[in-house]
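Undergrad: Spelled out from the first residue to the last, the chains are:
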Amino acid sequence: METPDSLRLQLFELIKELPANNVDQLYKDIPKSIFRPDIGIADGLTEPKVQLEIERVANNNTIYPKQKSFLGAGVYYRHIPAIVDHLVNRSEFFTAYTPYQPEISQGTLTAIFEFQTYMAELTGMEISNASLYDGATALSESIQMVSRVSNKKTVNVSVIGMMSENYRSVLETYNKGFNNELSYFDDLAEFRMEEGVDALVFMYPNFFGQVIDYTSLIEEAKKLGTAIIFCVPNPLALMIFKTPGELGADIVCGEAISLGSYPAFGGPGLGFLTTRQDLVRNMPGRIVGETEDAKGNKGFVLTFQTREQHIRRERATSNICSNQGLLALRTAIYFSYMGQSGLVDLAEDIYEKTQYLKKKLSDIDGLEVDRNVSFQDALVYFGEISINALNGFLKENGVLGGFDLSKMDEDLDGYCLITVNDYMEKNDIDELVAYIEEFICG
Amino acid sequence: MDNSPIFEKVSISKGYISSNIPEALRREKPCRLPEASEAQVARHYTKLSTLNFGVDSGMYPLGSCTMKYNYKILERLASLPEFLNLHPLQDEEDTQGILEIMYKLDQLLSELFGYSHFTLQPSAGAQGEHTGLLIIREYLKSIGDERDLVLIPDSAHGTNPASAIMAGFRIKKISSDKWGNVDVDKLKKVLEKEKVAAIMLTNPSTLGLFENNILKIAEMIHENGGLLYYDGANANALLGMARPGDMGFDVCHLNLHKTFGTPHGGGGPGAGPVGVSARLVPFLPKPMVEKEGDDYFLDTSNEKSIGMMHGFYGNVNVLVKAYIYILLHGRDGLELVCEKAVANANYLMEKLKDVINVPYDRVCMHEFVISAGKLKKETGVSALDIAKALIDRGYHPPTIYFPLIVSECLMIEPTETEDKESMDKFIDALTSIVKEASSNSEAIKATPVTTIVGRLDEVKAVKEPKLTFFS
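Top line first, the protein sequences correspond to chains A and B. This note's numbering applies: residue 148 is where the first sequence begins, and numbers increase by one. This note's numbering applies: residue 6 is where the second sequence begins, and numbers increase by one.
Mixed in with the good hints, there may be bad ones.
To be verified - The following residues of chain B were derived to be distant from chain A, with all beta-carbon distances above 12 angstroms: (1) Asn8; (2) Gly130; (3) Val195; (4) Ser444.
Claimed, not checked - Distance condition first, Cα-Cα at most 20 angstroms in a straight line; then the derived EDC-like pairs of lysine to aspartate or glutamate: (5) Lys425/B / Asp334/A; (6) Lys542/A / Glu97/B; (7) Lys554/A / Asp300/B; (8) Lys52/B / Asp7/B; (9) Lys542/A / Asp99/B; (10) Lys425/B / Glu164/A; (11) Lys450/B / Asp462/B; (12) Lys465/B / Glu337/A.
Said to hold, decoys possible - Here are some of the chain A residues that sit facing chain B, going by a computed Cβ distance under 7 angstroms: (13) Glu164; (14) Val204; (15) Thr264; (16) Glu312; (17) Val448.
The hints are simulated quantities; they were obtained by calculation from the structure and are not laboratory data. Yeah, the Cβ is synthetic: ideal placement off N, Cα and C, and Gly gets one too.
Based on the provided sequences and hints, a complete structural model is requested.
TA: Written out as structure tokens, the structure is:
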């Protein structure tokens, strides 16, 4: 990096060529009363000093061996093939802007076109956008999309299936500006379909990792013309479970951080949105499409831009501009590398490990294990046993326990979400189970 | 072709269906995905990368986007496993490091821009606007004020009106005077009739000019009972020199991927933290990072908060990079960043005055606009043609046709990381294009010719949409 002294020298050389005697004359429009305030922050550090400081801070984060990390609940320890990091770090990708100039952005544009293809295939839908911020905001945008499609200022929406409190909070925050009518039904049995519901949102798999058969409710809703939205927090499941497209979805959204990106304390994540071709003009976010130049060469461009804020301004389908482009690239490379067989094998492996974990836990006296079909996350009821104390005990043994759900919702006291991942073998699960038994039996 | 998607380069799996799960829940139609070797994947994306242009490829004077060089140390340190493998639901005792960075980044940004606190949750500038406006909305509600009108200048970014609508406001456009500043007389007339919730301003404006009536405007809006929103897209021009908080802006968002040197990633992830003055702090999204004794924690206790704007805490890894950027530069370095950014823009503008029309002939801030209006009348060569001709000469073009109030506009922002030699070469390139426009305009209109594709047919892309490989 340049030193301050070399920058000052360069600055001096530039000022000589300008109609100004000193740098302050360039700021003559700024009122004197607020110019050059006294700012109480330290002067810059050299690169080695910054490195030491950041390494010190990083050491105050504790990470656990991945095969012993049973925390999931929406963000998963998925193995990221080395090739993903290697390719995505090429600075032609990394340091580029949004691909407004297609002739010198075919790298990004082609990769996003692949991403759109992958997300459409995975969810069983026709088209996809180029990404949104994260799963929670993608769901908020999906609900707004329904209000555009149905041409109503506000819509009545019911969310079916357990949703993370965080998602719910984001929906409610976004809704402060939208004034839609939102209702939540954690349990399918609590819900009765009636007229006047503009959209149903199905959490799939839901926050508890449950994969629930919604077929009959969807049939009923379709007869009434209700829009069907699927929200998918763990999209790997769709490699083996019925796709939202097969189930009759109009819009699918969700979180793809776990398809090629790191947990990274929850962000950057990767929101996605797929839908039917006929709804393209109501979609939020950027879309890449194929076209050709005057000589007939095939190429890719940002398209349907008249939906977007830089053209449509207050009538845009969303305010989104920068999205999560680099993560979409990561997911594209991840899919290309894993392929169909790699991803089906992985999804099956995760499913089998989930069943194995549930079986082993249900053998422990005093625990109640969810009887629904589960993928990756398993809901376990510990009753009077303190999950907090258990997780403390596991930590002492180098194991990161599951998510104590009472931390998010007091009503879920005693419930824990225990999660398997790509790195675990049966013996890692056996070890966890043995520790839990040891904790309970003393 | 090299830009063909991978589906055309390797075979596509016919796929198979998993048989282990209950039939009623089982996927019916397998995914159509490529079956590629690692070597094929490596070659495909390496080839694609060569069809891209990043800041490392060459000068990127994209106005209002602040495409500065991204220091590689940011990447190396933010990619430490203790950052990448940290789970957002881990106990606070395991996450003290990241919480410390978030806590200190809030403090640093607050000091630099003159605010009480910053929320770090918004994922990008536009989401920052949305957040800031929801904060204003909830604040006004809390004092029993129902006003719902947001004023937006005609030179504003399109995200401003779009965000205002998402936050449940009505909008009214405010016209600019001939210097691109807010027309104070017209503003006065509006304020006589309307109760205004907020005015959104970009300062310096998208013309690269400082709003020299800002203190007066702030007084007028506050007297009316409204608030001022600062769009931080152009904050690189003020870094350490003047603080939006001191100008009277009650709310401000920043684009860390512009001002604080985190890479744009081909369209994201960015980060759009929002700073607020003391009276608005209770309405910030939760959680905020707080400190008790030596311990950092996530505070969710705030009853008045607008709620969460992100499923967790925002684009945290981008925040880490911005924090590193501030440590590297510090007070002295950030001041130099600002001075050099402004001096570079003025140098380019000064030299280009002899080449092409510079419609606002006065000292600029970090960026300025040129107009190809006259050139187009004389030669037929438009702003778009100049942009494409620059591509053939090895440059990323400036922002074109924005702001809308300048005809055939090109908006140029060199940033502080450009050196004099590269700016001189850029001036030569632009000079040669303007010359060739008179002698051989057809050649300019045929550009670019050095790229894998020529100008692409955008109408066809909409009329015959092909948005996935299999459609």
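Undergrad: Against which earlier hints does the structure fall short, listed by number upward?
TA: Failing hints, ascending: 1, 2, 5, 12 and 16.
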